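Protein sequence lines, in the order shown, are assigned to chains A and X. Note that our numbering has the first sequence beginning at 1, numbered continuously upward. Note that our numbering has the second sequence beginning at 113, numbered continuously upward.
Derived by calculation from the structure, the hints in this document are not laboratory data. None of these values were measured; they are calculated from a predicted model. Each hint can be trusted.
Calculated lysine to any residue pairs in the SDA-like style (CA-CA distance at most 25 Å, straight line):
| id | chain 1 | residue 1 | chain 2 | residue 2 |
| --- | --- | --- | --- | --- |
| 1 | X | Lys148 | A | Val88 |
| 2 | X | Lys163 | A | Trp98 |
| 3 | A | Lys57 | X | Thr140 |
| 4 | X | Lys171 | A | Tyr102 |
| 5 | A | Lys57 | A | Gln18 |
| 6 | X | Lys148 | A | Ser7 |
| 7 | X | Lys171 | X | Pro226 |
| 8 | X | Lys148 | A | Arg108 |
| 9 | A | Lys11 | A | Thr86 |
| 10 | X | Lys182 | A | Gly58 |
| 11 | X | Lys168 | A | Gly95 |
| 12 | X | Lys148 | A | Ser30 |
| 13 | X | Lys148 | A | Leu45 |
| 14 | X | Lys148 | A | Tyr102 |
| 15 | A | Lys57 | X | Gln114 |
| 16 | A | Lys57 | X | Gly113 |
| 17 | X | Lys182 | X | Thr140 |
| 18 | X | Lys169 | X | Glu218 |
| 19 | X | Lys168 | X | Tyr122 |
| 20 | X | Lys182 | A | Glu97 |
| 21 | A | Lys57 | A | Ser67 |
| 22 | A | Lys57 | X | Asn143 |
| 23 | X | Lys148 | X | Val162 |
| 24 | X | Lys182 | X | Val162 |
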Amino acid sequence: DAGITQSPRYKITETGRQVTLMCHQTWSHSYMFWYRQDLGHGLRLIYYSAAADITDKGEVPDGYVVSRSKTENFPLTLESATRSQTSVYFCASSGREWDTQYFGPGTRLTVL
Amino acid sequence: GQQVMQIPQYQHVQEGEDFTTYCNSSTTLSNIQWYKQRPGGHPVFLIQLVKSGEVKKQKRLTFQFGEAKKNSSLHITATQTTDVGTYFCAGPPLGVTSGSRLTFGEGTQLTVNP
Numbered sequence: 001d002a003g004i005t006q007s008p009r010y011k012i013t014e015t016g017r018q019v020t021l022m023c024h025q026t027w028s029h030s031y032m033f034w035y036r037q038d039l040g041h042g043l044r045l046i047y048y049s050a051a052a053d054i055t056d057k058g059e060v061p062d063g064y065v066v067s068r069s070k071t072e073n074f075p076l077t078l079e080s081a082t083r084s085q086t087s088v089y090f091c092a093s094s095g096r097e098w099d100t101q102y103f104g105p106g107t108r109l110t111v112l
Numbered sequence: 113g114q115q116v117m118q119i120p121q122y123q124h125v126q127e128g129e130d131f132t133t134y135c136n137s138s139t140t141l142s143n144i145q146w147y148k149q150r151p152g153g154h155p156v157f158l159i160q161l162v163k164s165g166e167v168k169k170q171k172r173l174t175f176q177f178g179e180a181k182k183n184s185s186l187h188i189t190a191t192q193t194t195d196v197g198t199y200f201c202a203g204p205p206l207g208v209t210s211g212s213r214l215t216f217g218e219g220t221q222l223t224v225n226p
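Starting from the given sequences, assemble the full structure and let the hints guide the process.
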């Protein structure tokens, strides 16, 4: 019973590099979300997806790209990482619209 | 756009004291959800309230949803060190038919001194 997993858990990269954060859920939830959480702050929505091949922007989408070719996977790519993208990234999934969200353990990303 | 505000931002209590955090939305909510995030952990769902004026209890935790469905509170009776963490409220605006977004408050960070 893996639930929702994220990889890698920790990542250090350099400015300008491309980075992909992976998210995988085993519940076949329709909805998936990417949030970033900066130190001492709340959760800000980057992108979300209502189903495979359906994605939409959240509050802070600039500099990020997502795809969802399969229901269970929702990778987040930073096309050219910047220091301001240093953060903890959480993936979440939900079975129904507006319903409870289940969060993954997070990826701590540092951009040098 | 919709804003969800939580107060206080930080709360330090002695073990055994009560604790309350308040959540206020700029728009009427369809439901309100509460999450807890332990230090270094990820947000974990606690409860969802749907009805106007609804009150729900989970052991020492009492959750209320306001009559106007624009505010909510979480009250913890006799805090314990296991209550340490950040408590977030979140909710979708009433009447929105697409988007499935939850707007999260900034959270209240609770520390408990043993």
